[in-house]
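In case it helps, our numbering puts the sequence shown at residues 839 to 885.
It is possible that part of the hints are untrue.
Label pairs and their in silico Cβ distance ranges [as the list claims (entries may be wrong)]:
(1) Asn885 / Ala841: 33 to 43 angstroms
(2) Lys852 / Asn874: 12 to 22 angstroms
(3) Gln884 / Ala841: 16 to 26 angstroms
Everything labelled a hint here was simulated from the structure, so no lab data went into it. In this text, a Cβ means the ideal position worked out from N, Cα and C, and glycines have one as well.
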Amino acid sequence: MKAIDEQSLVEPQKLKDFFWDMFIADAFLGNFDRHNGNWGILIDEQN
Numbered sequence: 839m840k841a842i843d844e845q846s847l848v849e850p851q852k853l854k855d856f857f858w859d860m861f862i863a864d865a866f867l868g869n870f871d872r873h874n875g876n877w878g879i880l881i882d883e884q885n
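Build out the structure end to end from the sequences listed, making use of the hints.
Structure below.
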């Protein structure tokens with residue numbers, strides 16, 4: 839939470855709310871592998 843409080847790009851309380859929402863969603867889904875190297879982007883090349 840210290841990193842969230844010290845950044846200035848996003849309002850800290852909104853970022854904390856998002857963090858806890860994702861934390862709870864991950865817990866329900868059993869996703870225990872969230873990290874910055876584990877992201878992808880889907881692209882629809884037809885549109």
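Do the hints match the structure? See the list:
no., hint, verdict
1, Asn885 / Ala841: 33 to 43 angstroms, "holds, 37 angstroms"
2, Lys852 / Asn874: 12 to 22 angstroms, "holds, 20 angstroms"
3, Gln884 / Ala841: 16 to 26 angstroms, "violated, 39 angstroms"
Against the hints set out earlier in the document, a violation occurs for number 3 only.
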